[in-house]
Each structure stands twice: as structure tokens, then as C-alpha cells.
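Novice: Heads up: the protein sequence lines correspond to chains Z and S, in order.
In this text, residue positions in the first sequence follow our numbering: the first is 421, and each later residue adds one.
In this text, residue positions in the second sequence follow our numbering: the first is 958, and each later residue adds one.
One should not assume that every hint holds.
[As the list claims (entries may be wrong)] Cross-link-like lysine to any residue pairs, in silico, SDA-like; alpha carbons within 25 Å at most: (1) S:K1018 - Z:N476; (2) S:K1006 - Z:K433; (3) S:K1018 - Z:K433; (4) S:K1006 - Z:N476; (5) S:K1018 - Z:R475; (6) S:K1006 - Z:T525; (7) Z:K433 - S:S960; (8) S:K1006 - Z:T425; (9) S:K1006 - Z:Q464; (10) S:K1070 - Z:K433; (11) Z:K477 - S:S960; (12) S:K1070 - Z:L515; (13) S:K1006 - Z:Q457; (14) S:K1006 - Z:L515.
Read the hints as simulated data drawn from the structure, not as lab findings.
Chain by chain, the residues run as shown.
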Amino acid sequence: KAGVTQTPRYLIKTRGQQVTLSCSPISGHRSVSWYQQTPGQGLQFLFEYFSETQRNKGNFPGRFSGRQFSNSRSEMNVSTLELGDSALYLCASSLTTGGRNYGYTFGSGTRLTVV
Amino acid sequence: AQSVTQPDIHITVSEGASLELRCNYSYGATPYLFWYVQSPGQGLQLLLKYFSGDTLVQGIKGFEAEFKRSQSSFNLRKPSVHWSDAAEYFCAVGGMAAGNKLTFGGGTRVLVKP
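With the hints as extra help, turn the sequences into a complete structure.
Specialist: As C-alpha cells, this is what we get:
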């Protein structure tokens, strides 16, 4: 079955611009999480969506936002880009049912470079 | 608060030798534990996971990990490494108590000598 699909794979933006990244989870997975990976800070949790609702949010400024659609696809948006937002953004989908999580599958990521 | 420590930033091992990567975690409830591997420029591939039950977990690519609650550890092992095992390895902890959030360690980069 198809894995987690993230688009685009690479993106170059200018400081001050905004960007939208997309994630299509595995079919049947209703939970989508986003992570930022940088050399200095490592892998950090951004937020998690389940059935179109944000259930959990990491310690990032309000410039980082997301949403989830009824088909479980998710987007994250970063406004007013800063150089420090350059990172690999990873999306993970998981099957969560009956209060139990069955593991996380990650996409290949979107490499964002801010210049 | 949950946390994960991977004490070794880099490990160099000869091809055919055994490998052990250390992971210590802090979590206030029953943890879900994971090991992921990442090749340069790629996403994270799940090697194995522990939710409950048998404390010795078998994964893909010949990897295994042992959960030791008393030591808050979840070390990853492989009896004989191959050159293709050169990558970065991440240990992570999560669970329903954490709202489906994974906390990752800093990673261990494995280099394989021929």
C-alpha cells in the first residue's frame, strides 16, 4: 500500500514569504503529525491532527500552523519565513483506534531552504 | 516531561562486527518506544517498536532491541553489521499519555569500516 506522501520534496523561499507543505497519510490513518528536523535542534514535534482537529502542539511560534482535511490529508503553513526555518519537515501518519496507537510511518520530508 | 538520551553521537564499527546503540528514556507512564533509521536526505524508516509484552523486540534488517524498565533503557543491537547499515539512528518515546507526540533522542551516527 502507498506510504506517506509529502510534497514538494524541495522548496526554496525568501525571507518574509510564506510556504505551505502538504502531507497525504496512509489510507485509513486519521492521525497526522508534523516534525521539524534541523542540525542544531534535532527532531522537534510541531503538531498533531486527528479527524480535522489539532490535538497537540509543540513549542513553536504562531507563524507555524496546520490543518487537516476530511480525507485526512494535512497541510502545514509557515508565514513570514525566517532563515532559521530552513529545515527538513517530516510528516508522520499513524493508525489510532480504540485509544491505542499502532505506530508512526514517516514520509520522505520536504526540505525547505530560506534565503 | 518526556525525554530521550542517546549518549553516543558517533559510533564507528567494522563490517561484520556487532553493534549496540544506547537509548535511555524518561516517561511518566507506560512508554511506547521506537527505533528509526535515517539515510542522508531521507525520511525516517521504522526499524522496530515496543508497545508491551515481550521485552525483546525483533525488527527489520536483523535489528533487535531490549526494553529494560528498571534501567529506563531500550538499546538497539545487531549481531553483524553490513556497510549498508551506515546511517543515523534515532530512538523515540511516545504514548497516549503524551497525546500521540514522539520525543526523539539526538541520534547516533553509525560509520561502517570495510
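Novice: Under the criterion that the straight-line Cα-Cα distance not exceed 25 Å, is the pair K477 (chain Z), S960 (chain S) satisfied?
Specialist: Distance ~16 Å between K477 (chain Z) and S960 (chain S) Cα, so the pair holds.
Novice: If you draw a straight line from the CA of K433 (chain Z) to the CA of S960 (chain S), is it 25 Å or shorter?
Specialist: Violated - the C-alpha atoms of S960 (chain S) and K433 (chain Z) are around 33 Å apart, more than 25 Å.
Novice: Check the hint pairing K1070 (chain S) with L515 (chain Z) against an upper bound of 25 Å on the C-alpha distance.
Specialist: Between K1070 (chain S) and L515 (chain Z) the Cα gap is close to 38 Å, so the pair fails against 25 Å, i.e. violated.
Novice: For a C-alpha distance cap of 25 Å, please report whether K1006 (chain S) and T525 (chain Z) respect it.
Specialist: holds (12 Å)
Novice: Between the alpha carbons of K1018 (chain S) and R475 (chain Z), is the straight-line distance 25 Å or under?
Specialist: violated (34 Å)
Novice: What's the verdict on K1006 (chain S) and K433 (chain Z), does the C-alpha distance respect the 25 Å limit or exceed it?
Specialist: Violated, because 36 Å separates the two Cα atoms, which is more than 25 Å.
Novice: Would you mind confirming whether the straight-line C-alpha gap from K1018 (chain S) to N476 (chain Z) stays at or under 25 Å?
Specialist: violated (33 Å)
Novice: Would you check the hint for K1006 (chain S) and Q457 (chain Z), treating anything up to 25 Å between C-alpha atoms as holding?
Specialist: Satisfied, since the Cα-Cα distance of roughly 21 Å is no more than 25 Å.
Novice: Are the Cα positions of K1006 (chain S) and Q464 (chain Z) separated by 25 Å at most?
Specialist: holds (19 Å)
Novice: Sort out whether K433 (chain Z) lies within 25 Å of K1070 (chain S), counting only the CA atoms.
Specialist: violated (39 Å)
Novice: Given the proposed pairing of K1018 (chain S) with K433 (chain Z), does the C-alpha separation stay at or below 25 Å?
Specialist: violated (38 Å)
Novice: Straight-line Cα separation of K1006 (chain S) and N476 (chain Z) no greater than 25 Å?
Specialist: holds (22 Å)
Checked against the numbered hints given earlier, this structure breaks hints 1, 2, 3, 5, 7, 10, 12; the rest are met.
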